[in-house]
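Engineer: Residues per chain, in single letters:
There are 4 protein chains.
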Amino acid sequence: MTKVAIVGASGYSGEELVRLLLSHPHAELVAVTSRQQAGQTVAQVFPKFASHPRARALRFVEPNAGLLAKQAEVVFLALPHGVAAEFAVPLLHGGARVIDLSADFRLKSAALYKEFYAHDHPAPELLCDSVYGLPEVHRAAIRGATLVASPGCYPTSVLLPTLPLLRAGLIKPQGIIADSMSGVSGAGRKAELDYLFVECNESVRPYGVPKHRHLSEIEEQLALAAGVPVTIQFTPHLIPVNRGILTTLYLAPAKHFSTAEEAAALGAQITACYEAAYASEPFVRVLEGKALPDTKNVVGTNVLELAWRLDTRTGRLLVMSAEDNIVKGASGQAVQSFNVMCGYPETAGLL
Amino acid sequence: MTKVAIVGASGYSGEELVRLLLSHPHAELVAVTSRQQAGQTVAQVFPKFASHPRARALRFVEPNAGLLAKQAEVVFLALPHGVAAEFAVPLLHGGARVIDLSADFRLKSAALYKEFYAHDHPAPELLCDSVYGLPEVHRAAIRGATLVASPGCYPTSVLLPTLPLLRAGLIKPQGIIADSMSGVSGAGRKAELDYLFVECNESVRPYGVPKHRHLSEIEEQLALAAGVPVTIQFTPHLIPVNRGILTTLYLAPAKHFSTAEEAAALGAQITACYEAAYASEPFVRVLEGKALPDTKNVVGTNVLELAWRLDTRTGRLLVMSAEDNIVKGASGQAVQSFNVMCGYPETAGLL
Amino acid sequence: MTKVAIVGASGYSGEELVRLLLSHPHAELVAVTSRQQAGQTVAQVFPKFASHPRARALRFVEPNAGLLAKQAEVVFLALPHGVAAEFAVPLLHGGARVIDLSADFRLKSAALYKEFYAHDHPAPELLCDSVYGLPEVHRAAIRGATLVASPGCYPTSVLLPTLPLLRAGLIKPQGIIADSMSGVSGAGRKAELDYLFVECNESVRPYGVPKHRHLSEIEEQLALAAGVPVTIQFTPHLIPVNRGILTTLYLAPAKHFSTAEEAAALGAQITACYEAAYASEPFVRVLEGKALPDTKNVVGTNVLELAWRLDTRTGRLLVMSAEDNIVKGASGQAVQSFNVMCGYPETAGLL
Amino acid sequence: MTKVAIVGASGYSGEELVRLLLSHPHAELVAVTSRQQAGQTVAQVFPKFASHPRARALRFVEPNAGLLAKQAEVVFLALPHGVAAEFAVPLLHGGARVIDLSADFRLKSAALYKEFYAHDHPAPELLCDSVYGLPEVHRAAIRGATLVASPGCYPTSVLLPTLPLLRAGLIKPQGIIADSMSGVSGAGRKAELDYLFVECNESVRPYGVPKHRHLSEIEEQLALAAGVPVTIQFTPHLIPVNRGILTTLYLAPAKHFSTAEEAAALGAQITACYEAAYASEPFVRVLEGKALPDTKNVVGTNVLELAWRLDTRTGRLLVMSAEDNIVKGASGQAVQSFNVMCGYPETAGLL
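Residue numbers (my numbering), protein chains in the order written: chain A, 1 to 351; chain B, 1 to 351; chain C, 1 to 351; chain D, 1 to 351.
Hints were generated in silico from the structure; no laboratory data involved. Keep in mind the model is a prediction, meaning the values are calculated, not measured.
A pair counts as met if it fits within one copy or between any two copies, since identical chains are not told apart.
Each computed DSS-like pair below joins lysine-lysine, with the alpha-carbon atoms no more than 30 Å apart: (1) K290 to K172; (2) K190 to K290; (3) K70 to K3; (4) K108 to K3.
Using the sequences and the accompanying hints, generate a full structural model.
Structural biologist: Now the structure itself:
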């Protein structure tokens, strides 16, 4: 058993971390923090966990990094960017390993961070040590990491479908378009008019165009795989579901195709590429036959599912992915990294 | 044409008043106020009205009762209770007629107001002059009123089905139960966590039990019709729709019935009672045959629809009603009162 | 490990049984049947289970009672009423134990069955042997049963809150009113216009009034507890959520109360009654303090939560309950009975 | 007043035509047909229109083209493709003017029709006479038309934002990508499992990739404007709203830009282009400032709203549009054409 704590556990990602860690076979949840909820039990704040004895016993406390570093071996940070980095420093100094769900340690470049997040990085000296917590891609590095930067929800939905193709040279690194739809939990548990039920229900809308913050980590990871700088187009939309991201990717195959035969040959390469990348991955599901991704098939799970189509009319490759933005896109993936870091079976607590 | 103004036009009732009055054939919307939105045009605040030239021209202003009383002949107040009364006084003194959508002038008793609203009434001297703005019931009084208290959304859904039966002596005034479900717009456009999309979607919950504020006006109006004090049971629930209230009423017929024949005889009386009350009313629809109310059939309209069933097993009369909480339950009904007050056809701007 | 099969596994209850039994620590799912889906794997029919190896291997077959009785020790029937009874007979003769999720074996009286289901009971000789599968109430009988009739979703939401009070004599058996709201999965996976997205979304409507079929089993179980015949009023409503039932019960305390002191005394008795009934039950949660039931806190779990309020104004006791209609209201409860029947921990596979 | 009839009035487009034509100041609805609903009144089939006297009087009849051609001057066809053409022929021969909401007369090429609709065109001789009913583009031709092919919902959302830019040479005709999200009413009122509430709610999914039928009319209209053949990429998604289409278009400006200055210069041209095309159009709203399209601002109206952004990082032009798929995307646009054909104000009955 590993002692774990969650800092900032009252938001949607924090709540999902609580759920996953309460029932994790190798984690003992020793502390949850929240300024607003301090003093209340987990069961009071999240009635849905009230049947769990630990949820009735454990109380939220004010965050205290020094104390947490002594209580817990691994600390999950579910805090806003900027704030997370400030907590990570004393936790790491105190000897805890940190899994940060914010954007603070996802980029290698403090300058890029400032460009996209509009303030100086609070702890740039840690950027070189942090590991981008996408286990399917950076498993070995996660194993030895003391600081894991768990990926954003949109980036996960873009990177897992794209990286194997890029590394295999099957698609061009230029001209990638990612069109995404996200459920409202992606906006966080914030009391803002824009996210009221009446404002979101029976509504669909783009936002954050054309330069959403998640572009920075997507492009950095794509560039790592491609070996060249990558600039992509990314358009997020808000749709009236609680959870789920559906991303449609428009990709240019490296080799031109227009006939059915050429498409079949290229298709065989794509199949082989995804097979090599994901056949043994428990949390990536490549759909077969006529099946297309549907968020309702992955919500509540740590699985990302994807399907692809070659369009002989346009010469493009379409890849579509679906995930639960709060699980594979946030807390589930963080627990997956936790399993990797601690040497537990990667699926522990996630099936 | 009558010059009208709306005070507090940035909430859901205010927005609906704007919609109805912009296209009203006999109303000229001369002013809309909102502290938060002052300076912006109606089209900027409510993009959905941007095609209307007046919405592009008219700007929100800070509320100024003295000025409004000069500009407008009729002023609609879409303000929180307590605040509304403070505005009504100078408006009435300034010569304007006032239609208040808050609860401030719905009760005749200041003591009852204090019991249910937890503060002293700000203008108790006006309570005797105000008219409860349910046109199907108080049409004559509305015609000459200078101050109309437009009914609450739940009360409308309870009173229209119940009052004719009570006045006709067909049901007992004791033991009435009203079980209601409301869409989330009923909570207003407030940035509170409880009304976030994620907190309301895939959720149903009772609230305000057992003593919701609307009980006070429901019971006062029922008592007026019954000639005796009336105490009812009322349970509101929040459901994930934008608009609509569905109320199921459990009533005790004055005359016992248990056979099919007795039910048929009583049913004929109920039919005749509703026929007398509502056959010529444009905004109350008594369903026939097997049809039952469904909020989707009334949303966006000023119509309340109702159906009833006699249960020979239990001896009870069930009446079910559906309305749009923001139209017949608020702004549409207020415009209906406006039409009555000004002598316009009662359906003007409401079909 | 116990070998289990599911007959009629392509509906919503069947799908949930598949989910629960695939991951059950003591169940081996050896067969799933569906006329429409025969030949396909579980993973093809339910893509969301595709990560489970058994779901990729197990194929739907045509139902064959004789064969199933040899393959499985316990067979779950997720079939329409009428059809279920015809399957149960050969399964029981073949030596299997049966857990039926339909209404076919819930009543003791074949005449009552005919009154409510409009056809002769297909196997009346089995009615005396079947056990009503509400473990919190009939645990001992379930333990030795060969035929368990798993309760309906609405009945569960009414009976668990009501039975302890009735047995303790705290409420009168007369005059009970149950007002319920159900998610659309309650209507089953049927291609009917009434249950299309567009017909249900932004809609609330009552249905099946005043004599819904579930009345029969509710009243029979209440009568068993009360020792006298019981007739109740029950009104179901359809609301736009996938899952969840919220039931509000209007009850008459046996002892009159009107003062705060009397309410406090009665409240202490109610608290003690529920404490005695449910303090050690893993799947019933009596809420404390100001908390009220909310379906979002129980969806996906086998928990029913309830809260109660005494209303000194009306002298009534209100009890409100929330459950997942497909889990505690159907498949979860069936698995709970399975655990009881087989001597496994009652929470096995359900936490 | 013009006498009008609707053939196939029981689907969602038909229902909306009924709504619009019942309250149209210059249309008299003389007949509505539906095989399934024949004999019932409009009010019985659509309770929401029951307050309209005409809806209570008018009964659905079996479709009879010969009779309809005598009764009505203009006939709206809200029928499936293939069936619509068979009705259009006798109606036109009988002297009626026809506005067809199906895909049957939208293409000029019978071969293209066969390629996309998988059957021979039932009346190819009419293809040269039919006019594509997009009033903002083909107003003059609609004026004199006897057969108007009202555009598809997706095509409207793609063509209105794209055509002015293409005609002005501001964008390249190659490489256009349209990513669309549609509400479930777009699938029609069909009793199919895929469109049940439970299957659509909390779900997002692509479908019909990569060769949706609407591609044919989109590409034909784009080619007309560009003067060269055009092949586009089009991906529709189904999202859980009743109504609304949001389309995000990825376009390549004809002139390369990368600096802020170049973007500003190009932006001025785009502004001028849209201003020229739509400043005086009542049903196209080009958003200003930071506003982005949101379906909730256009649902229930005949307005398409759009906004655009130049991305200096990628060199692309993004245009986003929102419309009500059943109004501007179907029935409202058909009524708009009706107004043009009959010489009525184009906004009659549509504001």
